[in-house]
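J.: Could you put the whole structure together from the sequences, leaning on the hints where they help?
Chains as they are written, first to last, in our numbering: chain A, 1 to 182; chain B, 183 to 462.
Rather than coming from a laboratory, the hints here were simulated on the basis of the structure. Built from N, CA and C at the ideal position, the CB exists for glycine as well.
Restraint ranges, calculated between C-beta atoms of paired labels, are given here:
1) B:L360 with A:S4: 36 to 46 Å
2) B:L360 with A:D67: 40 to 50 Å
3) A:K16 with B:R208: 45 to 55 Å
Listed below, chain by chain, are the residues.
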Amino acid sequence: MDLSEHNFPTVLAAAKAGAEWAWALIFRSLAGQVSGYLASRGTTDPEDTASEVFLKIARHIHTFEGDLSQFRSWVFVIAHRRMVDDRRARMRRPSTTGLDERLLPPGGDVETEALRSISDQEVIRIFEMLPTVQRDVLALRVIAGLTLTETASVLGKRVGAVKAAQHRALQRLHRLLEKASV
Amino acid sequence: MSDLAFDDTEVEEVFAALPREDPALRRLKSLLSGLSEGVNRIPSPERVESFASVAARISADTAGVGDRVANSPLRSRRMSRRLVLPLVTLLLLSAMTGVGVAANGALPGEALYGVDLALERAGLGAGGVEERLDEAAAMANRGDSETALLHAANAVAEGLSDHEETETVLQGLQTALLQLNDLPGGQREVTIRLRVAEMLQWMLDNTTLIGDDSQPGAFGRGVADIARQLHPDPEDEDGNDDQGASNTQDDQPSQSSGAAGGGPPASVTPGGPPSAPPVP
Chain A
1 MDLSEHNFPT
11 VLAAAKAGAE
21 WAWALIFRSL
31 AGQVSGYLAS
41 RGTTDPEDTA
51 SEVFLKIARH
61 IHTFEGDLSQ
71 FRSWVFVIAH
81 RRMVDDRRAR
91 MRRPSTTGLD
101 ERLLPPGGDV
111 ETEALRSISD
121 QEVIRIFEML
131 PTVQRDVLAL
141 RVIAGLTLTE
151 TASVLGKRVG
161 AVKAAQHRAL
171 QRLHRLLEKA
181 SV
Chain B
183 MSDLAFDDTE
193 VEEVFAALPR
203 EDPALRRLKS
213 LLSGLSEGVN
223 RIPSPERVES
233 FASVAARISA
243 DTAGVGDRVA
253 NSPLRSRRMS
263 RRLVLPLVTL
273 LLLSAMTGVG
283 VAANGALPGE
293 ALYGVDLALE
303 RAGLGAGGVE
313 ERLDEAAAMA
323 NRGDSETALL
333 HAANAVAEGL
343 SDHEETETVL
353 QGLQTALLQL
363 NDLPGGQREV
373 TIRLRVAEML
383 QWMLDNTTLI
393 GDDSQPGAFG
403 RGVADIARQL
413 HPDPEDEDGN
423 DDQGASNTQD
433 DQPSQSSGAA
443 GGGPPASVTP
453 GGPPSAPPVP
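T.: Written out as structure tokens, the structure is:
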């Protein structure tokens with residue numbers, strides 16, 4: 001079950017009125033993507049942080065008006081800001097941890113793995129070589145599954161700027177992967 | 183480029199000049215799909231249920247609490263934790279020295295009349311403990327735990343006449359606030375805030391114990407014992423914590439100071455023992 005399969009205004013009104021089914025639907029639909037986005041950006045404890053994000057949403061749901069797309073943007077604005085706070089805190093505390101190994105693509109069989117010219121660790125290292133904004137854009141587009149418009153709203157940028165950043169991110173990733181394959 | 187969620191088409195468009203079998207392009211697509219599939223985690227049914235229960239209470243009370251707390255002197259002030267704890271400590275100190283309690287009913291010309299007036303101006307001279315605890319419970323239900331505890335502390339400092347019991351209750355509220363000062367975040371924060379709301383609800387439901395000569399100090403001991411159990415066991419982070427549901431007779435003996443007797447709240451008989459609130 002996903003939010004997009006329901007009448008969103010009904011779900012929103014029910015959530016504001018305190019209906020548990022509405023909150024269960026919201027959490028089930030979005031918590032995984034929020035956790036995934038936070039994990040991809042190196043947040044210390046992505047699942048716990050995702051819970052904080054949704055707690056904040058519950059406290060402030062009465063201030064929100066809009067459609068499903070605007071709601072998703074709102075959720076990820078809160079998640080993104082929480083991620084930035086965590087990133088700043090981590091910068092003050094030197095750490096050697098990069099992306100969690102959970103980010104590795106689902107493993108294939110041994111033969112497929114052997115045929116790969118670069119390791120999964122190298123893939124993660126390459127992703128982390130992208131500039132911050134390009135990583136944010138790709139994480140929101142690919143992991144969180146947001147549209148260009150929603151991503152622009154989360155990052156506070158114009159749609160054109162997000163499109164350009166996405167374009168540059170993909171090209172840069174491609175160049176880096178080519179180098180790593182040589 | 184479409185405005186839909188990211189798909190292969192966008193990658194293809196960026197690299198239109200490349201052969202489709204370009205190995206780096208395949209690797210890129212694999213990386214991007216792996217990023218999506220590898221990190222997204224559908225929450226467990228237990229986690230969904232636990233969160234939905236808390237969120238529903240918070241949003242419902244935010245919807246209906248506006249009128250009830252409209253006259254609360256603390257409604258418009260969002261108390262930071264740094265401010266709330268010292269204020270409760272001040273109330274506790276005044277209770278321990280007898281200042282706050284003595285000010286209540288002070289007469290013009292007496293040294294503490296100014297304190298009494300200040301309390302009344304703050305809206306605490308009327309309305310009673312029960313109404314203030316009702317407001318505090320509502321604030322806690324919407325997640326504003328810190329302000330709720332301060333509101334309850336003000337109500338207790340103003341409304342309880344027994345000096346020792348006032349001190350015990352305020353110490354319990356201070357204990358609760360200290361635990362809010364050290365929140366672990368995430369699901370455990372949700373649990374602690376829920377337990378604070380349930381503690382205040384217990385206080386509201388048991389105001390008859392205040393001043394009950396047959397059970398001296400029972401109200402204060404109840405608050406103190408519940409406050410000590412606010413922090414969830416780290417091993418039970420997923421909301422399956424049964425610790426809070428256990429009968430307090432199984433808990434360690436009450437260590438509330440200043441209260442007569444010092445036995446656990448389970449010794450209170452009318453209406454059943456004030457056991458620790460259930461955990462979602």
